[in-house]
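Chemist: Residue numbers (the working numbering), protein chains in the order written: chain A, 7 to 331; chain B, 14 to 334.
Hints were generated in silico from the structure; no laboratory data involved. Please read all numbers here as calculations on a predicted model, not as lab measurements. Even for Gly, the Cβ is constructed at its ideal location relative to N, Cα and C. The reader is advised that the hints may include incorrect statements.
[To be verified] Restraint ranges, calculated between C-beta atoms of paired labels, are given here: (1) B/Lys232 - A/Arg25: 51 to 59 Å; (2) A/His56 - B/Lys315: 53 to 61 Å; (3) A/Asp36 - B/Asn213: 20 to 28 Å.
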Amino acid sequence: MRKITFAQATLEATAEEMRRDSRVFVLGEDIARQGGIFGQFKGLAQEFGHDRIMDTPISETAIIGASVGAAMAGMRPVADMHFADFMGVAMDELFNQMAKIRYMFGGQTTVPMVVRAPDGLASSAAAQHSQSIEAWFMNIPGIKVVAPSNPADAKGLLKSAIRDDNPVIYFENKILYKESGEVPEGEYLTPIGKAKVVKEGKDITIISYSIGMKDAYIVAEILEDKGIEAEIVDLRTLVPYDKETILESVKKTNRLAIIHEAVKQGGAGAEIAAFVAENAIEYLDAPIMRFGAPFVPVPFSPPLEKAYRLNSKKIAKDILVNFNY
Amino acid sequence: MLKYSKDLLKTFYYKMYKIRRFEETVEKYFLDGEIPGFIHLYIGEEAIATGVCTLLDKNDYIASTHRGHGHTIAKGADLNRVMAEIFGKKTGSCKGKGGSMHIADFSVGMLGANGVVGGGYNLAAGAALAIKKQKRNNVSVVFFGDGASNRGTFHEAMNLASVWKLPLIFVCENNQWASTTPYRTSTSVEDISLRAIGYNMERKIVDGNDVFDVYEGFKEALNYVKSGKGPYFIEAKTYRIKGHFVGDPELYRTKEEVQKVFRENDPIKRFEEKVLGENLLDEVELKEIKDRVEIEIEEALKFAFESEYPEPHELYEDLYV
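Please put together the full structure from these sequences, using the hints given.
Modeler: This is the structure we're talking about:
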């Protein structure tokens, strides 16, 4: 199968959906003339023109607010946030407007829009350009949240997000943009709300998503050397997350570790751990393990950033200790 | 005054009076404990929604505020369903999920009141962007108060509308009060429309208590915007006769101040004096309209009272498509 990068996969998805549906347009800072800071919009303005690939003022509030308004009036906007960190600037528009409009107006309208949010640690970008903030949005009913880990899902999930009649936040990791992977030719969709068991195993379930999946694979290899067969579940969607697949896997392996780059405290892992504890604690042979960032802002200096980042070897070591439980 | 047909004059009176009576009714039943939540009344500002919405059709959009009953009624929403919504009934326009602060009727282009002060500008800008993309001959209107003009959302939307030449009309209802704070102590300019200059936008100040002045000013704005020249800013000077919310003790102003406005500048009284004084409509014609409004209000009340509250299972409906 052909290999393309994550960024190219999102480009293909956007172009295909824009060709398919004239209501789809993209707006954001530095996307039309520059092609996006990570090249994820490169060439789109040439094909679709500046009316459909729109450079905006530096006004995140207006970008999200206008997307909500346009969505209510029959369009299907895709809004780029530049960095996920800047969603804070548009927070009212995201959580009080976009998320609630359908519900509080009794289903009179839909808000079909996508918010693209490049997130994660990258080259000492420091505290305000490095965060993974997906957990915030798991606490706000009315939004769907996806976080692909590879180019194939990046394409399929973005296409599904654009076609979804609900607001979808699409977290795309900045390191993953440059990574290549197999992507099928032609038309396909990756369903929102479906996790994927990417490696089967019988001894422990490792759940992750987005960049955390890189660590999940490394950890599984280390465990393999010690004779432990890990099952890896790529969650792909955080809201609504795939409860069935999680339970099925945990009931089989009887152990659970959750890995994400975001802060551990109050993270996605906390929700999944609580869900499993509530619904399958009798299947567990050991305490659930969560791995995430420490409870500090992202630091600048490279050694500090490294200390902040997930450490696969350390995770594997901790999991091995868990097996002595 | 010859340019106003009798039908138009009657429409003005009908809409203003209907809003007034609706608000008085809602106030009464809120104080009686029949209506839950918070209520913000539009009394004294009826000429603005009326002058503006009379010039719009249902394919034009409006974004409203927490003080939104008047806009909703003026835009043509079904009175029964609006009343039922405010009572929290399942037959309400939002099935009882929104209430007074989130009243909406998409079937007439009313894109919703907003519980967040200044929350409507960018939604209206987006609706205007959609109109432009769909090449429709419509406009989007955002109503907001003097207090809301101090939100950052105001400035982002003004700039966006200007650089993208959006078919958007900003209608500032300068009612002098930002909740309980006098706007002059919290706002950098006497005329909020001065801020339009910084965004290279046309502007006009109208007497918000004179439906004719609002109508004429808005007509000009509408012609300008529909010719594709971009957004327009209307500042309607008015006064909030009622408290910020029903039950507001109003410790921040004197009763005399409010009474003076009500006596001398009530938009409905001013309209009556004008049309009667100039023999444009007679007492009988006004009475007919009043009677019709009373019947509609009675019907809406009856509908609201007789409607059921939502069932607990409806809690989970209408979240996702």
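Chemist: Each hint needs a verdict: does it hold in this structure or not?
Modeler: Here is how each hint holds up against the structure:
1. Taking 51 to 59 Å as the suggested C-beta distance range, the pair B/Lys232 and A/Arg25 does not conform, at roughly 42 Å.
2. Judged by the Cβ atoms, the range 53 to 61 Å given for A/His56 and B/Lys315 holds: they are separated by roughly 55 Å.
3. The supplied range of 20 to 28 Å is met by A/Asp36 and B/Asn213, whose beta-carbon atoms lie about 23 Å from each other.
Going through the hint list in order, the structure does not satisfy hint 1, though it satisfies all others.
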